[in-house]
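With the hints as constraints, model all of the structure from the sequences given.
Read top to bottom, the protein sequences are chains G and H.
Residues in the first sequence are numbered consecutively from 1, following our numbering.
Residues in the second sequence are numbered consecutively from 1, following our numbering.
Among the hints, erroneous ones may be present.
Here's a subset of chain G near chain H, in silico, CB distances under 7 Å, partners left out [said to hold, decoys possible]:
1) 412
2) 414
3) 444
4) 447
5) 448
6) 452
7) 453
8) 457
DEER-style ranges, computed between Cβ atoms [stated by the list, open to error]:
9) 149(H) <-> 111(G): 38 to 44 Å
10) 186(G) <-> 225(H): 58 to 64 Å
11) 183(H) <-> 101(G): 23 to 29 Å
12) 111(G) <-> 241(H): 30 to 36 Å
13) 415(G) <-> 117(H): 35 to 41 Å
14) 116(H) <-> 449(G): 46 to 52 Å
15) 44(H) <-> 415(G): 19 to 25 Å
16) 119(G) <-> 22(H): 52 to 58 Å
17) 439(G) <-> 183(H): 28 to 34 Å
18) 44(H) <-> 390(G): 42 to 48 Å
19) 149(H) <-> 112(G): 46 to 52 Å
20) 30(H) <-> 44(G): 52 to 58 Å
21) 26(H) <-> 25(G): 48 to 54 Å
In silico DSS-like pairs for lysine-lysine, Cα to Cα no more than 30 Å straight-line [said to hold, decoys possible]:
22) 261(G) <-> 431(G)
23) 407(G) <-> 25(H)
24) 261(G) <-> 25(H)
25) 25(H) <-> 431(G)
26) 181(G) <-> 187(H)
27) 261(G) <-> 181(G)
28) 431(G) <-> 280(G)
29) 280(G) <-> 261(G)
30) 181(G) <-> 431(G)
Just so you know, these hints were derived from the structure itself, not from any lab.
Since this is a predicted model, take the numbers as computed values, not measurements.
Where is the CB? At the ideal position from N, CA and C, for every residue including glycine.
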Amino acid sequence: MLFNSLHFILLFFPVAVTGYYLLPHRVRWLWLLLLSAYFYMAFVPYYILILAVTILVDYFAGLVISKKSGAERRMWLMLSIVANVSFLAFFKYFAFLRENLLQIGRLAGHDLAIPALSIVLPIGLSFHTFQSMSYTIEVYRGNQQPERNLGIFALYVLFFPQLVAGPIERPQNLLHQFREKHHFDYYGVTSGMKLIVWGLFQKMVIADRLAVTVDRIYAHPNEFGGLTLALATVLFAFQIFCDFAGYSDVAIGTAQVLGFKLMTNFRQPYLARSVAEFWKRWHISLSTWFRDYLYLPLGGNRNGRWRHIVNVLIVFAVSGLWHGADWKFVIWGALNGVFVVMAGLRPPGSKEEARREAPVLVRRIATFTLVCLTWVFFRAGSVGEAFNIIRRLLPLRPDDVVASIGKAPLIIALGLVGFAMLMHVVRERYKVRELISRQPAWLRWSVYTAALTCILLFGEFHSRDFIYFQF
Amino acid sequence: MSPHPQVDVTGPITRRASWVTFVGKAAVFLAVALGFTETFWRTLRYMPANSDMRNFAKLRRAADGDRGAVALVGSSRVRYGLNPQSLERTVPGRRFRQLGILGNGAAPVLEDLANDPNFLGQVICELNPAHWGGGYPFTKLPEALAYMHPEVSGAYLETLLSEQFRERTRFFSYNLFTEAPRILQHKPVPDPEQPDRFVPFHDLGPTINEPLINNWVRAALESGERMKRTASSGITEEVQRWVDRIRRRGGDVAFVRMPVDGRLRAVEENAFPQTQGLVRDVRAHGMVVIDFAEMPGQFRCPDGSHLEASEADRFSRLLAEELAAKGFFQRAADKK
Chain G
1 MLFNSLHFIL
11 LFFPVAVTGY
21 YLLPHRVRWL
31 WLLLLSAYFY
41 MAFVPYYILI
51 LAVTILVDYF
61 AGLVISKKSG
71 AERRMWLMLS
81 IVANVSFLAF
91 FKYFAFLREN
101 LLQIGRLAGH
111 DLAIPALSIV
121 LPIGLSFHTF
131 QSMSYTIEVY
141 RGNQQPERNL
151 GIFALYVLFF
161 PQLVAGPIER
171 PQNLLHQFRE
181 KHHFDYYGVT
191 SGMKLIVWGL
201 FQKMVIADRL
211 AVTVDRIYAH
221 PNEFGGLTLA
231 LATVLFAFQI
241 FCDFAGYSDV
251 AIGTAQVLGF
261 KLMTNFRQPY
271 LARSVAEFWK
281 RWHISLSTWF
291 RDYLYLPLGG
301 NRNGRWRHIV
311 NVLIVFAVSG
321 LWHGADWKFV
331 IWGALNGVFV
341 VMAGLRPPGS
351 KEEARREAPV
361 LVRRIATFTL
371 VCLTWVFFRA
381 GSVGEAFNII
391 RRLLPLRPDD
401 VVASIGKAPL
411 IIALGLVGFA
421 MLMHVVRERY
431 KVRELISRQP
441 AWLRWSVYTA
451 ALTCILLFGE
461 FHSRDFIYFQ
471 F
Chain H
1 MSPHPQVDVT
11 GPITRRASWV
21 TFVGKAAVFL
31 AVALGFTETF
41 WRTLRYMPAN
51 SDMRNFAKLR
61 RAADGDRGAV
71 ALVGSSRVRY
81 GLNPQSLERT
91 VPGRRFRQLG
101 ILGNGAAPVL
111 EDLANDPNFL
121 GQVICELNPA
131 HWGGGYPFTK
141 LPEALAYMHP
151 EVSGAYLETL
161 LSEQFRERTR
171 FFSYNLFTEA
181 PRILQHKPVP
191 DPEQPDRFVP
201 FHDLGPTINE
211 PLINNWVRAA
221 LESGERMKRT
231 ASSGITEEVQ
241 RWVDRIRRRG
251 GDVAFVRMPV
261 DGRLRAVEEN
271 AFPQTQGLVR
281 DVRAHGMVVI
291 DFAEMPGQFR
301 CPDGSHLEAS
311 EADRFSRLLA
321 EELAAKGFFQ
331 RAADKK
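This is the structure in structure tokens:
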């Protein structure tokens, strides 16, 4: 079920919230569990079985890990991780691995006989697998008590607001909330609703509208010149931000209406002054997951400079692979890693100097340019197509952007990007929801009505999937 | 640490209300926003219409068991270009069912009709080499067919809800961004969906037509490239099987190559050189093919790809006459 579908907005969400507050506290978790299962089964019903196996494996792994110690404890953790990664590898990476093995075989002069399987990737598999893995790791580290109620653990993995595209939660933040009694809090509910409306606006008005232009240009890159391709890449940067941040806002808002607090996933990423800072602002729940469960266990920056560089590159390459079973995602991740490493390679003392030389605006523009360069790999159909686009991008050849995109679509696209950027600046400076809440009633309700009317007038109601669903 | 920390809005917000008050306020707020938007569209004369998917399902079911039914199958070219009323005036006693689907080739609906033992009628099917050869990306199952044969999943509920909304509201189907050029140029608003599913196509002038023509040209060039690798110039065994099934039940299939115009016509002729071979092959298999290029006169398509409404009327009448002259309707009647 999509957040921007009528099924969710008119039926599921009102029923979920009303039922939740009407039911006694002791059965609310069961209500949420049933709703979450229905939410997931609305996509493809039998996928729930795959999720059920993950839940069972990690539930029992958590219980066993908490009782064991030493090497045995470590072995059970490894078993849980291997099981989770195997699931991911089979459903998400089998075709990719097969294709690469066949290619290597051909290069070596052998025709390998690896059967082709028609495997469909369950929606949001990477997200709930990572969330489930974080539970067993935290139990192993002693930061989290094992959850003995299988239903509540299942709800932790299945919780519908963040089930298919995050934020990827940690057990310490989420599990205990299922046992807490949430009273109807007017301010919390309206605040959550505001976030939902803002998320839908980002998705339906900005992202889906920009997608029309981006899709057209990226479908036929050879027909457009450098400037048009560069502009399409900038539009894609905002499309993917509004798509994913929009989804996260609806998810966080939905949870807030029910009285839950999910972690922040985006903090104005295009105001970052370096690629490293960008990753502290973009998809925070994933970045911190990789930091806590991969980068730090690899040694972080504790084992010398070269080991630190290698660790950063490994983390970003794996992060790329997490996004999709394609070399273009690996290159996208690795490129981000290279930019992060390069920023850290300047000799000691030169950072301050460089900071003095380059104004904040210049650093922000430079960072945005580098990030856009990486988005080419993310959006292109293949690695070859990405390089082709970059070849056509550099040097920027002037071409008739207006003729290529059309005057009206160009004005609309630039207007939407300008608005998204303005909201970046405003949200960096103000807590917008609180600010609105402190205004007189007539102004508050005018803002709400205007926002909803904008969605109704300008929104795309054709339920385009969220980009991150494919991961 | 950000150099511009967020402005701290101090002091708690102490606004409190029961959930009943909240629901009441939210209902008023929704009503105002929905009412405003709906009024806006209706002021511009955009009116709610019958749901297309339901109409599709209704017409598709109406064709079942009816030996006088003639299903019109194909893409938007059929949907905009074949007017059931014009066809019925020319061939009285036949019931033409418009089953064209925007953005989809003829294959899925033809297959559905062939596999349905209750369908006993005839089919006028669009012949476009790009559709049969995997040129245009018309591979997904049309929503309309999925709506007819629902599977147990949330997708069906979503479709049902959105169809209900489309029938009662205008805002749901239109977007101010896409409609702005039409509104600013005071062009006529699109006609609401009609129960017979024929959509009159209007000439909206060069500002709107040119980007459409460029789009079709680009699609044709790209699918032509793809088809160099995939398509044959003959009718596939699969299509033959479907036609045979329909014929065994007393029906028949006639193929029609829908008109294209101007720059797009020249581009398609170059991009799809296998077209004439396909036409010859279908005829060699004993099926009727009406090719617009063999018909007298020109047919005007403002965007290159779709017949203008009055031209659709003329083309439909001519097509019916040609089919009647070739004995298409008679042959089926004889079998009965």
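Against the structure, the hints come out as follows:
no.: 1; hint: 412; verdict: 6 Å, holds
no.: 2; hint: 414; verdict: 13 Å, violated
no.: 3; hint: 444; verdict: 10 Å, violated
no.: 4; hint: 447; verdict: 11 Å, violated
no.: 5; hint: 448; verdict: 6 Å, holds
no.: 6; hint: 452; verdict: 4 Å, holds
no.: 7; hint: 453; verdict: 5 Å, holds
no.: 8; hint: 457; verdict: 5 Å, holds
no.: 9; hint: 149(H) <-> 111(G): 38 to 44 Å; verdict: 41 Å, holds
no.: 10; hint: 186(G) <-> 225(H): 58 to 64 Å; verdict: 60 Å, holds
no.: 11; hint: 183(H) <-> 101(G): 23 to 29 Å; verdict: 56 Å, violated
no.: 12; hint: 111(G) <-> 241(H): 30 to 36 Å; verdict: 34 Å, holds
no.: 13; hint: 415(G) <-> 117(H): 35 to 41 Å; verdict: 55 Å, violated
no.: 14; hint: 116(H) <-> 449(G): 46 to 52 Å; verdict: 49 Å, holds
no.: 15; hint: 44(H) <-> 415(G): 19 to 25 Å; verdict: 21 Å, holds
no.: 16; hint: 119(G) <-> 22(H): 52 to 58 Å; verdict: 45 Å, violated
no.: 17; hint: 439(G) <-> 183(H): 28 to 34 Å; verdict: 32 Å, holds
no.: 18; hint: 44(H) <-> 390(G): 42 to 48 Å; verdict: 44 Å, holds
no.: 19; hint: 149(H) <-> 112(G): 46 to 52 Å; verdict: 40 Å, violated
no.: 20; hint: 30(H) <-> 44(G): 52 to 58 Å; verdict: 31 Å, violated
no.: 21; hint: 26(H) <-> 25(G): 48 to 54 Å; verdict: 24 Å, violated
no.: 22; hint: 261(G) <-> 431(G); verdict: 17 Å, holds
no.: 23; hint: 407(G) <-> 25(H); verdict: 41 Å, violated
no.: 24; hint: 261(G) <-> 25(H); verdict: 24 Å, holds
no.: 25; hint: 25(H) <-> 431(G); verdict: 23 Å, holds
no.: 26; hint: 181(G) <-> 187(H); verdict: 57 Å, violated
no.: 27; hint: 261(G) <-> 181(G); verdict: 13 Å, holds
no.: 28; hint: 431(G) <-> 280(G); verdict: 19 Å, holds
no.: 29; hint: 280(G) <-> 261(G); verdict: 20 Å, holds
no.: 30; hint: 181(G) <-> 431(G); verdict: 27 Å, holds
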